[in-house]
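Asker: Protein sequences appear in the order of chains V and F.
Heads up, the first sequence is in the working numbering, so the first residue is 1 and it goes up one at a time.
Heads up, the second sequence is in the working numbering, so the first residue is 1 and it goes up one at a time.
Careful: at least some of the hints might be erroneous.
[Claimed, not checked] Here are the simulated lysine to any residue pairs, SDA-like style, with alpha carbons at most 25 Å apart:
hint	chain 1	residue 1	chain 2	residue 2
1	F	Lys-44	V	Glu-96
2	F	Lys-44	V	Lys-137
3	V	Lys-63	F	Lys-116
4	V	Lys-82	F	Arg-108
5	F	Lys-44	V	Ala-83
6	V	Lys-82	F	His-28
7	V	Lys-137	F	Arg-70
8	V	Lys-137	V	Asp-73
9	V	Lys-51	F	Ser-64
10	V	Lys-82	F	Ala-23
11	F	Lys-44	V	Glu-64
12	V	Lys-63	F	Arg-78
13	V	Lys-82	F	Gly-54
14	F	Lys-44	V	Thr-53
15	F	Lys-44	V	Arg-94
16	V	Lys-63	F	Arg-61
17	F	Lys-44	V	Thr-62
18	V	Lys-63	F	Val-47
19	V	Lys-51	F	Glu-75
20	V	Lys-63	F	Ser-64
21	V	Lys-82	F	Val-21
22	V	Lys-113	F	Val-72
23	V	Lys-82	F	Gln-102
24	V	Lys-63	F	Ala-74
25	F	Lys-44	F	Arg-82
26	F	Lys-116	V	Ser-92
27	V	Lys-82	F	Leu-26
28	F	Lys-44	V	Asp-73
[What the hints assert, rightly or not] Reference listing, derived: stretches of chain F covered by chain V, where coverage requires no fewer than 3 residues with Cβ under 8 Å from a Cβ of chain V:
hint	stretch
29	21-27
30	40-49
31	67-77
32	96-110
[To be verified] Quick list of simulated restraints, FRET-style, between CB atoms:
hint	chain 1	residue 1	chain 2	residue 2	range
33	F	Pro-89	V	Gly-116	56 to 64 Å
34	V	Arg-94	F	Gly-69	30 to 38 Å
35	V	Glu-50	F	Pro-89	52 to 60 Å
36	F	Asp-29	V	Asp-115	47 to 55 Å
37	F	Ala-93	V	Gly-72	49 to 57 Å
38	V	Lys-63	F	Glu-48	22 to 30 Å
39	V	Asp-73	F	Glu-75	18 to 26 Å
40	V	Ser-92	F	Arg-67	29 to 37 Å
Hints were generated in silico from the structure; no laboratory data involved.
The C-beta atom is built at its ideal place from N, Cα and C for all residues, glycine as well.
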Amino acid sequence: MSIIRTPLAGTWSPFDRLAPWRDLLESAFAFTGSVPGVWTPPLDVYEDDEKVTVTVELAGLTKEDFDISLDGDALTISGQRKAATGEKRGESFRSERFFGSFSRTVTLPAAVKADGVTASYQNGLLAVSLPKAEEAKPRKIEVKLN
Amino acid sequence: MSQIIERTGCQPAASRVEYVVPAVNLHHDAEGFTLEAEMPGVAKDGVEVTFEDGRLTLVGRRASADRPGRPVYAESVRRDYRRVFDLDPSVDASAITASVEQGLLTVRLPKAEAAKPRRIAVA
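Bound-form chain V, shown alone (with noise of 0.2 Å):
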């Protein structure tokens, strides 16, 4: 004779059954890759032949908050939003924006010159400027037909 464990058996907690559902629910916001509480502002990357231009949306901020910082091909932006100390006083009704640290890495798209990287910050956008390496600008290469 054997034993069988049925899911509706006093042995099982109610909430192990629930646990597909939350499962799923989980998966549904799992697109957004990141924790709760993490915050990524979006960041986007481009390229010409002269240059590769890191850009991420980030309003109101000052030049001083941001940290910027390149080891091979991979760029870090971080920084830090901090919330102004003349709102604290009275009642918040709406809270929508995030503070605190931030941090995004990006792998490049082409080899950079590290000593020719320059960045702006204007309209709350921030722009990495990164010249690329004379290594991996396009050339044009002749072939001779005989």
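Position chain F relative to chain V; hints supplied.
Answerer: The following block gives chain F in isolation, referenced to the frame of chain V:
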């Protein structure tokens, strides 16, 4: 075909403009309300703040020349911003001020004098 569209009241997809809803913080204090809307990519001349029939409309149009090359990877939604708020009747519409700095639009909505909190002396 166009008659059908007109009759059903639907707009053809080509003429429909889609906007991004900007993230907003709204604070309330004794003197009024402060609204902050995130509109990265929008310069000062691209911002429109209008007040009509008790509704405050915020529109942010992106500066067009911000695409430095061909896109390799994109997360941002490069559309204009728009959001509408129903305002509290206590707001003094003539005293609304707005400023934009690094893509952050800040709108100050002061309360009318009559709506501000007052201490009433007991006789």
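Asker: Now, for every hint given, state plainly whether the structure supports it.
Answerer: Taking the hints in turn, this is what the structure says about them:
About 22 Å separates the Cα atoms of Lys-44 of chain F and Glu-96 of chain V, which keeps this hinted pair within 25 Å; it holds. With a CA separation close to 37 Å, the supplied pair Lys-44 of chain F and Lys-137 of chain V exceeds the 25 Å bound. With a CA separation close to 38 Å, the supplied pair Lys-63 of chain V and Lys-116 of chain F exceeds the 25 Å bound. Only pairs whose Cα atoms come within 25 Å are accepted, and Lys-82 of chain V paired with Arg-108 of chain F is accepted, the gap being roughly 20 Å.
A distance of roughly 22 Å separates the Cα atoms of Lys-44 of chain F and Ala-83 of chain V; the hinted pair therefore holds under the 25 Å criterion. Straight-line distance between C-alpha atoms of Lys-82 of chain V and His-28 of chain F comes to about 20 Å, which keeps the hinted pair within the 25 Å bound. Of the pairs offered as hints, the one joining Lys-137 of chain V and Arg-70 of chain F holds, with about 15 Å between alpha carbons and a cut-off of 25 Å not exceeded. For the proposed pair Lys-137 of chain V and Asp-73 of chain V, the alpha carbon gap of about 15 Å is at most 25 Å, so the pair holds.
Our distance criterion of 25 Å between C-alpha atoms is met by Lys-51 of chain V and Ser-64 of chain F, whose separation comes to about 20 Å. With a C-alpha separation of about 16 Å, the suggested pair Lys-82 of chain V and Ala-23 of chain F falls inside the 25 Å cut-off, and the hint holds. A hinted pair counts as satisfied when its Cα atoms are at most 25 Å apart, and Lys-44 of chain F with Glu-64 of chain V qualifies at roughly 22 Å. Proposed proximity of Lys-63 of chain V and Arg-78 of chain F is supported: the alpha carbons are some 23 Å apart, at most 25 Å.
Taken as a hint, the Lys-82 of chain V and Gly-54 of chain F pair is broken in the structure, with Cα atoms around 32 Å apart against an allowance of 25 Å. Distance restraint check for Lys-44 of chain F and Thr-53 of chain V: the Cα-Cα separation of roughly 24 Å lies within the 25 Å cut-off, and the hinted pair is therefore satisfied. Restraint check for Lys-44 of chain F and Arg-94 of chain V: satisfied, since their Cα atoms lie roughly 24 Å apart, inside the 25 Å limit. Under the criterion of a C-alpha separation no larger than 25 Å, the hint pairing Lys-63 of chain V with Arg-61 of chain F is consistent with the structure, at around 23 Å.
For the given pair, Lys-44 of chain F sits about 17 Å from Thr-62 of chain V by alpha-carbon distance, which is consistent with the 25 Å threshold. Simply put, Lys-63 of chain V and Val-47 of chain F have alpha-carbon atoms about 22 Å apart, close enough for the 25 Å limit, and the pair holds. Distance hint between Lys-51 of chain V and Glu-75 of chain F is fulfilled; the C-alpha atoms sit about 20 Å from each other, no more than 25 Å. Simply put, Lys-63 of chain V and Ser-64 of chain F have alpha-carbon atoms about 23 Å apart, close enough for the 25 Å limit, and the pair holds.
The hinted pair formed by Lys-82 of chain V and Val-21 of chain F meets the criterion: a straight-line CA distance of about 22 Å does not exceed 25 Å. Between the alpha carbons of Lys-113 of chain V and Val-72 of chain F the distance comes to roughly 19 Å, so the proposed pair stays at or under 25 Å and holds. For the proposed pair Lys-82 of chain V and Gln-102 of chain F, the alpha carbon gap of about 14 Å is at most 25 Å, so the pair holds. Restraint check for Lys-63 of chain V and Ala-74 of chain F: satisfied, since their Cα atoms lie roughly 23 Å apart, inside the 25 Å limit.
Annotation: proposed proximity of Lys-44 of chain F to Arg-82 of chain F holds, straight-line Cα distance about 15 Å (limit 25 Å). Taking the CA atoms of Lys-116 of chain F and Ser-92 of chain V, the gap is about 18 Å. The hint holds against a cut of 25 Å. Proposed proximity of Lys-82 of chain V and Leu-26 of chain F is supported: the alpha carbons are some 16 Å apart, at most 25 Å. For the hint linking Lys-44 of chain F to Asp-73 of chain V, the alpha-carbon distance of about 35 Å lies beyond 25 Å, and the restraint is violated.
Closer than 8 Å: that is the beta-carbon criterion, and the stretch 21-27 of chain F has 5 residues meeting it against chain V, so the requirement of 3 holds. With a threshold of 8 Å between beta carbons, the proposed coverage of the stretch 40-49 of chain F by chain V holds, since 4 of its residues qualify and at least three are required. Check result for the stretch 67-77 of chain F against chain V: holds, 11 residues qualifying (beta carbon to beta carbon below 8 Å, three or more required). For the stretch 96-110 of chain F, the assignment as covered by chain V holds, since 4 residues bring a beta-carbon within under 8 Å of that chain's beta-carbons and 3 suffice.
Look at Pro-89 of chain F against Gly-116 of chain V: about 57 Å separates their beta carbons, and that is inside 56 to 64 Å. Checked against the hint of 30 to 38 Å, the C-beta distance between Arg-94 of chain V and Gly-69 of chain F comes to roughly 37 Å, which is consistent with it. Distance hint for Glu-50 of chain V and Pro-89 of chain F: a CB-CB separation of about 57 Å, consistent with the stated range 52 to 60 Å. Roughly 49 Å separates the CB atoms of Asp-29 of chain F and Asp-115 of chain V, a value that falls within the hinted 47 to 55 Å.
Separated by about 56 Å at the C-beta atoms, Ala-93 of chain F and Gly-72 of chain V satisfy the suggested range of 49 to 57 Å. The hinted range of 22 to 30 Å is satisfied by Lys-63 of chain V and Glu-48 of chain F, whose Cβ atoms lie roughly 27 Å apart. Against the hinted window of 18 to 26 Å, the Cβ-Cβ separation of Asp-73 of chain V and Glu-75 of chain F comes to about 19 Å, which satisfies the hint. Between Ser-92 of chain V and Arg-67 of chain F, the C-beta spacing of about 36 Å keeps the proposed range 29 to 37 Å intact.
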